[in-house]
Amino acid sequence: MTFPISNETRHVKTLVTGHVVSDPERCIQCGICSYNCPIGIDVRYYAWLGQFVEDSYCLTCGECVERCPRGVLHFEKTELFTGGQK
Amino acid sequence: MTRHVIIGTGIAGYTAAETLRTMDPSVEIVLVSDDPYGFYSRPGLAYYLTGEIPEKQLFLFSKKGKLNLDVNHIKGQVTQIDPTSHTININTSGKVTYDRLLLATGASGVPLDVPGANLQGLVKLDDLQDTRKILSMIRNTKTAVVVGGGVVGIELVEGLVARGVKVHYLLRGDWFWSNVLGEIESGMVERPLAHNEVTLHHHEEIAEILGKRGKVTGVRTSTGKILQCEMVAVGIGVKARVDLAQGAGLKTERGIMVNEYLQTSASDVFAAGDAAQILDPFSGHSSIDNLWYPGRKQGRIAAFNMAGQKEMYKRTVATNVLLLAGVMTTIIGAIGSGRDEGQVSTMRGSSETWQQLPNTIASESGTDVSHLRLVVGEQKLLGALVMGDQKISRPLRDLINAQVDISPIRNQLLQPNEQFGQSVMDYWLKTKSGGQAR
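One line per chain: the protein sequences are A and B, in this order. The first sequence: position 71 = 71 (our numbering), numbered continuously. The second sequence: position 124 = 210 (our numbering), numbered continuously.
The set of hints was computed from the structure by calculation and includes no laboratory data. C-beta atoms are modelled at their ideal positions from N, C-alpha and C, and glycine is treated no differently. A few of these clues could be false.
Said to hold, decoys possible - Non-contacting residues of chain B with respect to chain A, defined by C-beta distances greater than 10 Å in every case (computed):
#  : residue
1  : Arg89
2  : Gly124
3  : Ala132
4  : Tyr133
5  : Ser171
6  : Pro201
7  : Gly202
8  : Thr285
9  : Gly300
10 : Leu408
11 : Arg480
12 : Pro481
13 : Gln508
14 : Ser519
As the list claims (entries may be wrong) - Calculated cross-link-like contacts (lysine-lysine; reagent style DSSO-like; alpha-carbon spacing at most 27 Å):
#  : chain 1 : residue 1 : chain 2 : residue 2
15 : B       : Lys181    : B       : Lys337
16 : B       : Lys161    : B       : Lys219
17 : B       : Lys325    : B       : Lys337
18 : B       : Lys396    : B       : Lys337
19 : B       : Lys516    : A       : Lys77
20 : B       : Lys219    : B       : Lys298
21 : A       : Lys77     : B       : Lys518
22 : B       : Lys181    : B       : Lys228
23 : A       : Lys77     : B       : Lys477
Put together the whole structure using the sequences plus the hints.
Encoded structure:
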């Protein structure tokens, strides 16, 4: 028997299996992302290095993604917990 | 030990120092700058002006990312370069010798050349000092007049509006940023501005700044209008700082001329960033990019060449992403309507290559809130402008950068009233996955 998946469950699943990825070519290092991170992760530093936000405290709340004025950040599915299985 | 001297602490100068240090922990690096604040996000000034970030946020690496570059940072102004004796003269500390020199001297705002330009109340947005000056004057400013129909001009408008100042925005052309944007695109920016009580004045320039007791009280426009204001904010373009290079006998035009290795006409002197006019060996043309990311890339390439690793600067398609009056806008490659007749400078946040519109067809599609314009060549896309919904901007950048053959969808892109965004997206997915594109 399968249960229908609610929108809320889908949303939580996205947060759990996603991470924030940067596009350094768009980034002007204004720091709005870091300034608005609720737990103080220096998101801009990851964008400077062109890396995804590899911080175990990241809530993937999407605040930085939403606030960035240049569209630098977006969510991508992570393979950290799934071992590459989608 | 090799001594690398870098003049300028902007993005190109800083990146060069970082790259040199990463390559060799023992090399001697001297950074010289007359900017008292060192390295910070210059494009971020717009968000400091609107109040979205505090001043300290402009400085990178405030937390764990702080790199110890171990550089000798000299605060002072370089007054002379002598490429023969490999020396520079600094007003605060005298002569310094170099083995390799990088000129990352940047660009500075073109001053407004009208009567009254010496009055107190005239501001610009070149650096942190300028931004501080504007903010210190805000409390006593009810109305401002802004001139400059490009990125800095609109940053000034938005910043002042966010601080509660009533703005008159003077535009020389038919519409905002008329040498890059089309009428519909500009309308998408002008409408929200007007909604925020910005008064737009087209075909207007400042003829004279009016004042009383040394302070700005208003302006007289080219058509004779009198606008009362306490502040005049200017963003009419920038000019590369070439004085030092000229004085040293280096080859200059609009910027400091460099080859594809970012080498000037003196073999041990390099230039990068807003000051560098870079030759494209394939087209024979040279141009200046007043953009952050190319500045960073040039700083890195210059460092490699200073260290003796021959590395060619490969110009990628000039791209910028901007929030224009709240409308997310991506500009990729050649999309402009040609050079502005009266333009004597370049624009910050802009690339000269955007204004090069080859003999091609432009195709448009859009709604009131989203707009897409493509510049379609014989076999490839040459430029694109995406406003509003940005889903298509990354695929377009990839297709334009990689010069992908778009022949299979070319006709579709040129159909009138065609909503071609989906066709582009589908084609990009096919080419990306390595599948045979139709």
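>> Tell me the numbers of any earlier hints that the structure contravenes, in ascending order.
In response: The structure conflicts with hints 3, 4, 10, 11 and 22, although it agrees with all the remaining ones.
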